[in-house]
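All chains should be modelled from the sequences, with the hints used to inform the complete structure.
If you read the sequences in order, they're chains A, B, C, D and E. Here the numbering used here is used: position 230 in the first sequence is 271, and no number is missing along the way. Here the numbering used here is used: position 139 in the second sequence is 180, and no number is missing along the way. Here the numbering used here is used: position 220 in the third sequence is 261, and no number is missing along the way. Here the numbering used here is used: position 224 in the fourth sequence is 265, and no number is missing along the way. Here the numbering used here is used: position 70 in the fifth sequence is 111, and no number is missing along the way.
Simulated from the structure, these hints should not be mistaken for lab results. Treat the numbers as computed from the prediction; the structure is a model and nothing was measured. Hints may be right or wrong, so weigh each one.
Note that identical chains are pooled: a pair holds if it fits in a single copy or bridges any two copies.
No farther apart than 30 Å at their CA atoms in a straight line, the calculated lysine-lysine pairs in the DSSO-like style are these [as the list claims (entries may be wrong)]:
(1) Lys200 x Lys165
(2) Lys357 x Lys219
(3) Lys355 x Lys219
(4) Lys200 x Lys355
(5) Lys257 x Lys200
(6) Lys113 x Lys127
(7) Lys325 x Lys219
(8) Lys357 x Lys200
(9) Lys108 x Lys91
(10) Lys84 x Lys257
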Amino acid sequence: MIRCLSYSQGEIVSISPNTITEKINNKNLLWVDLENPTDSEIKILSDVFKFHPLTIEDCLHRKQRSKVENYKDYYFIVMNVFKGRKLEEEFRISEIFLFVSQNYIVTVHWGNMEVVNTVYEKAKSAANIFERGIDFLLYNLADEIIDDYFPIVDEVGNKIDEIEAEIFEKESKEIQSKIFLLKKNMLKLRKIITAQREVLNTLLRHDFVIIKEENKLYFMDVYDHIMRLFDFIDTYYDLLTGTLDLYMSYISNRMNGVMKTLTIIATIIMPLTLITGIYGMNFKNMPELNTEYGYFVTLAVMGIIAFAEILYFKRKGWW
Amino acid sequence: MIRCLSYSQGEIVSISPNTITEKINNKNLLWVDLENPTDSEIKILSDVFKFHPLTIEDCLHRKQRSKVENYKDYYFIVMNVFKGRKLEEEFRISEIFLFVSQNYIVTVHWGNMEVVNTVYEKAKSAANIFERGIDFLLYNLADEIIDDYFPIVDEVGNKIDEIEAEIFEKESKEIQSKIFLLKKNMLKLRKIITAQREVLNTLLRHDFVIIKEENKLYFMDVYDHIMRLFDFIDTYYDLLTGTLDLYMSYISNRMNGVMKTLTIIATIIMPLTLITGIYGMNFKNMPELNTEYGYFVTLAVMGIIAFAEILYFKRKGWW
Amino acid sequence: MIRCLSYSQGEIVSISPNTITEKINNKNLLWVDLENPTDSEIKILSDVFKFHPLTIEDCLHRKQRSKVENYKDYYFIVMNVFKGRKLEEEFRISEIFLFVSQNYIVTVHWGNMEVVNTVYEKAKSAANIFERGIDFLLYNLADEIIDDYFPIVDEVGNKIDEIEAEIFEKESKEIQSKIFLLKKNMLKLRKIITAQREVLNTLLRHDFVIIKEENKLYFMDVYDHIMRLFDFIDTYYDLLTGTLDLYMSYISNRMNGVMKTLTIIATIIMPLTLITGIYGMNFKNMPELNTEYGYFVTLAVMGIIAFAEILYFKRKGWW
Amino acid sequence: MIRCLSYSQGEIVSISPNTITEKINNKNLLWVDLENPTDSEIKILSDVFKFHPLTIEDCLHRKQRSKVENYKDYYFIVMNVFKGRKLEEEFRISEIFLFVSQNYIVTVHWGNMEVVNTVYEKAKSAANIFERGIDFLLYNLADEIIDDYFPIVDEVGNKIDEIEAEIFEKESKEIQSKIFLLKKNMLKLRKIITAQREVLNTLLRHDFVIIKEENKLYFMDVYDHIMRLFDFIDTYYDLLTGTLDLYMSYISNRMNGVMKTLTIIATIIMPLTLITGIYGMNFKNMPELNTEYGYFVTLAVMGIIAFAEILYFKRKGWW
Amino acid sequence: MIRCLSYSQGEIVSISPNTITEKINNKNLLWVDLENPTDSEIKILSDVFKFHPLTIEDCLHRKQRSKVENYKDYYFIVMNVFKGRKLEEEFRISEIFLFVSQNYIVTVHWGNMEVVNTVYEKAKSAANIFERGIDFLLYNLADEIIDDYFPIVDEVGNKIDEIEAEIFEKESKEIQSKIFLLKKNMLKLRKIITAQREVLNTLLRHDFVIIKEENKLYFMDVYDHIMRLFDFIDTYYDLLTGTLDLYMSYISNRMNGVMKTLTIIATIIMPLTLITGIYGMNFKNMPELNTEYGYFVTLAVMGIIAFAEILYFKRKGWW
Ligand SMILES: [Mg+2]
Ligand SMILES: [Mg+2]
Ligand SMILES: [Mg+2]
Ligand SMILES: [Mg+2]
Ligand SMILES: [Mg+2]
Ligand SMILES: [Mg+2]
Ligand SMILES: [Mg+2]
Ligand SMILES: [Mg+2]
Ligand SMILES: [Mg+2]
Ligand SMILES: [Mg+2]
Ligand SMILES: [Mg+2]
Ligand SMILES: [Mg+2]
Ligand SMILES: [Mg+2]
Ligand SMILES: [Mg+2]
Ligand SMILES: [Mg+2]
Ligand SMILES: [Mg+2]
Ligand SMILES: [Mg+2]
Ligand SMILES: [Mg+2]
Ligand SMILES: [Mg+2]
Ligand SMILES: [Mg+2]
Ligand SMILES: [Mg+2]
Ligand SMILES: [Mg+2]
Ligand SMILES: [Mg+2]
Ligand SMILES: [Mg+2]
Ligand SMILES: [Mg+2]
Ligand SMILES: [Mg+2]
Ligand SMILES: [Mg+2]
Ligand SMILES: [Mg+2]
Ligand SMILES: [Mg+2]
Ligand SMILES: [Mg+2]
Ligand SMILES: [Mg+2]
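See below:
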């Protein structure tokens, strides 16, 4: 699907892809959005815009890193956008490919992207975005993409608190799996945000001519948001490591408690059972068996032994 | 709540917000403090001072990182201030937003801040702060904010010593939780201080025109305090990791002790019990049972076995 | 084995090694490929091309790191190529040595290399590679070499998912060995890719005269692929560490379950066995033995004790 | 306590604090040492030398990091000196504050410092230090301070070897505590040395006018000693971590041995005891009991079972 | 022991130490090698060569780090050479001290050094080293020193494979000690190589006048070898950590197996023993004892209980 917006002298119109060349020649500002482009739609990139084959190849191959590449007439930008956003699963990430020059932005993406739709509607309905230039439109896209990461990161914070509370309640292999999944997702997110930051760094460099000095502040704001994301991700990653350590040490502690119970019971009972075994033997000549109070003395001795052992364990702090 | 201080020719007066524009035009030095500003009070930022909408937005959204941003007529500075300061809880951090130009400082913060009040009283009562310029006022604020971190960091040092002593006394899941909370807080603090240091770094750069050469020394002193904070936090974080390791290895050691006790008792008693079991069987034809000293020989054999085992354990160093 | 391609005015011909000097003097473009060169073939490097003895020595000694060295008339480049590519074994890596000048590439390698063959066939059949210069031929080699790493890295991703699923199913020392081997291979790969990246970095530097400005984009594309490899390798390495932790904590958990079962059974049964031991003693005077319901009372008491213990374990959450 | 050395034309004299101003005016070289200065002695810093209040404040507040600060007429240097030097305790560190100009050094420190005394005596008795300038005096102090760290670091090396030997001999919580204390001290030392290195780095910078080119070599030598300290500390820290791991794995190994002993004994004895239990039952109708060789057959069966189990354990490598 | 080589116009002669000054004045090229120099031989450094006292001091004090220092007429270089080279022991490292100018190299070392002897013989027998200048002689020394590290590093690689194979065979504290020693040695080596690399870096800097442009390639080759050493050491260090983890997890696994055996046996046998205990009691009134098939029913019940437990363990995957 292709959709195009053209802006000239305060007026925004949706145009047909066929009139793109004409509008470019008229120095109109253009946004051409290709969603799930067909092979013939992809051809516009090479035939109408004459983009470099390497960049078109990148659009067709998925799993690209965020980056900025400087071509003769345009910049080629790749940014990563969230697709699967459930904490209980592995994050799924998609790419948006942007061709940016002074007069147009061409966006290519596979699958419907809410962040693109949002900005598209904003740009279509109000002239104040195009008015401030293509760079301001680019800012709107970048801002929307980055702000889209915050809700999920906030959720991670809550999830960690939940897990922490769970640790002392139940004991299940699920806790470890949950922590592992969250760490996995934080690692994935960190790689993406790192690449994204490099993109913003490039955009903010002085030799990046497309962004006007007056609009640079807006890109700095996006950069600042990225830095905040980093802080969250780093802290959460470290917290998750800490949480796993806490859980493991809690398990260790419980095991210790279990072992102590076993040891106490066994070391108290076993000697007593030995005594009963001795007087359960069938030797003919066992003088104690025939004494009047042998049984009661034996019970008393067993009580004393048990009592002494309990005392010993108390001293050792095991009870 | 708004409060304003105006300084001109050695005289400090509290003024009404309505006269701010007049005072600015008269080249007076001004400090405008907005605590929990109402919507109409916030309007002063855009209407009177004409601050950039991005900066005003930052003031309204919380959880900002410390940073310095360079706008046309002013610098926008964010610094983090301690709010919740109890070691037993997660640290709570708030922000102070500063708009700084050659002639005024505007501070915005949510919630009453002791560090601001302290400097406000000092600036109001004695002319020697305003006299040395707006940059010296900024120094006073920065110094107060940073020095406010030291008491809590010192407390952490004491807490670690406490925990270390506790390790060999009792054994509870609390120790791990305590260490975990402290590590969490150290991580949080480190992030904040890192951002704060970047702020000071920016202020000390040569192109930062607002700070006069003669006052730079004071900002270097604040920077030095931040570096000391870093040293403490890093050391404490590493010590906490070490303390957890110590605790875990102590737990391991104890478990070892418990297991050895169990093993010694069981391996001594069980063979003896087996012997008593044998002579407790009811077979008709068991010649030993009818010998005169069978019982005593058996007791002696059991004693010898027990003794041999004890000897064996002594040799192995288990006893 | 030596094979040579010579290009001049749109025509590509396979030539004999004896005519190399002639072709060089005619300013033809040349690719000389030495596969498992014999001693006399190696001599071409020193006698015909006059390469520096240090570079020839490198060709003869294996296990070189990727690097670029700047000699007077040519660049000496080493790149690492995959040889053993099975995930179940340790990766085996070989080297390709490239001597690159404006007019020729000389490649030296030990063992048949598919990536070289692929490019050789491409260069031989179509003039469009030589046409764009020696640097474009170099790009084709570098691109082929780097892209050759992707399939194996993708496989690692699948393998990790497999291992993760295996963890909760069976318990074997193989899982650890598998993870260990994968980590080992990721470490090895990372070293190689790091060196490879340095090579690309050098090629992309402005003072690297052989690569024409118009072809630099292609080398940037290779660089980008290397960066993606890095992302994969780093993520996988960290995931493997996480997987091992998950496995170890799962083992810990199971051990805990085993110990609890033992403790529960032992602490319930042992006291009951003691009681049976007591009434199994052969003392003459044991009044309880002669009561009518002694046996049934004893059984009831044993039932109550067992029940109380089960209740206690339920409370402790062990059951 | 104040003591002053004044040097002029080859002559060194101890002077009274009252004549400092006079000597400075005469371009004499001066060393003023303040040990545990009283309030009135501290006044000399502000009244006679006119030092900046921020530097004087630093002298009064302890726990400063090593640093160099550039004031108009002088440099303010802080260095850390060892106080408590016993390996069995936490290291205690003190500060020496140095005010250095072309013509004088003022040193301030709390508590008697041997390293200062040593240099003071050397400077007093032989003119060859003052002769080479104030910077050579500064070198002597820095060299003495840094060299003072070596004996303790050497001791740590020996201590680690001791601990390593201890590991396989006895098993005590002390080993962990010892390692923990050493790691703690290494961490502390590392922080201090890092700051100290920054000081030397600053002194060696080309814009540091006080140090003459010919004396720079001496400061480079001090720098080299600091780098050697770093090497030792880093290596020892890593070794200590390794030692703890070794100890922990040794403990694990022992626990394993203990558990195996228990398991072997229990799994051999328990089935035999069960058999004796069966033939110890008092059922009327138990045909085996009345056979002539029932007892001996039972003993033989028990022997065979025990032997089979031992064989099984041998196979599993547990015995 | 002193030995001197003097080169002039294609001729190499061994000269007496007394003629050094004369040869230097004649612009001869010189190599003076001091092995275990006596006090009077050391004097040559100060009296004949006028070396700076700081450098001579370094020669006398051992345990120096590799470094390059720039003195007025010469460079002072320290490099580390292997002495103890057995993997089973801690590596022992010695130093070689080099004074290098345009016309001479003076080498000082304690203990006979094979690498020095090798180069000495080469330089003495063939003029082609001196011919290319003192810098080429320096290269020969550096190359020999660095190449001397490779055999031991290769051995480490084999040792790791050996240890890995051993892990699944026997279980001994030796494995941990072996890994620990290897890690220790890798750490030590890494420090040394790091310093060595800095030395090469300095030699390769453009302001290092002694090395002629044409010979720089040779030093780059040494640098490349150092980088390869780094790769090996880093990889081996990480592998050793991985090997230890593998061993520890293997131990864990075995412990788990041991515990499961114990638990299975105990939980099967103990209830059966309880039953035999019950029917071994001597109560007068125990109706079951007098039934005809009581004994056989009891045996059958015991069999059923055992079978049920085995089934349960199979289900839990413990068997
Ligand atoms: Mg960070
Ligand atoms: Mg981080
Ligand atoms: Mg972090
Ligand atoms: Mg991180
Ligand atoms: Mg962490
Ligand atoms: Mg971890
Ligand atoms: Mg750990
Ligand atoms: Mg630090
Ligand atoms: Mg740190
Ligand atoms: Mg640190
Ligand atoms: Mg740290
Ligand atoms: Mg640490
Ligand atoms: Mg640690
Ligand atoms: Mg990375
Ligand atoms: Mg990485
Ligand atoms: Mg990484
Ligand atoms: Mg990594
Ligand atoms: Mg990781
Ligand atoms: Mg780890
Ligand atoms: Mg280091
Ligand atoms: Mg280090
Ligand atoms: Mg280190
Ligand atoms: Mg370290
Ligand atoms: Mg380490
Ligand atoms: Mg570790
Ligand atoms: Mg490395
Ligand atoms: Mg490394
Ligand atoms: Mg590494
Ligand atoms: Mg490493
Ligand atoms: Mg590692
Ligand atoms: Mg570990």
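So, going through the hints one by one against the coordinates:
Taking the shortest Cα distances, Lys200 and Lys165 never come within 30 Å of each other, neither inside one copy (38 Å) nor across copies (47 Å). In the homo-oligomer, the alpha carbons of Lys357 and Lys219 lie at most 30 Å apart only across protomers (23 Å), although the nearest pairing inside one protomer, at 38 Å, exceeds that limit. Within a single copy, Lys355 and Lys219 get their C-alpha atoms only as close as 39 Å, which misses the 30 Å cut-off; across copies the closest is 26 Å, which meets it. In this assembly of identical chains, Lys200 and Lys355 lie within 30 Å of each other by CA distance solely across copies; the values are 29 Å between and 41 Å within a copy.
Taking the closest pair of Cα atoms, Lys257 and Lys200 never come within 30 Å of each other, the shortest separation being 36 Å inside a single copy and 45 Å across copies. When the C-alpha separation of Lys113 and Lys127 is checked against a cutoff of 30 Å, the pair qualifies neither within a copy, at 40 Å, nor between copies, at 42 Å. Taking identical chains as interchangeable, the C-alpha atoms of Lys325 and Lys219 are never at most 30 Å apart, the minima being 66 Å within one chain and 60 Å between chains. When the C-alpha separation of Lys357 and Lys200 is checked against a cutoff of 30 Å, the pair qualifies only between copies, where the shortest distance is 26 Å, while the shortest distance within a copy is 40 Å.
In this homomeric assembly, Lys108 and Lys91 come within 30 Å of each other (Cα to Cα) only inside a single copy, at 20 Å, whereas the closest approach across copies is 36 Å. In the homo-oligomer, the alpha carbons of Lys84 and Lys257 lie at most 30 Å apart only across protomers (25 Å), although the nearest pairing inside one protomer, at 33 Å, exceeds that limit.
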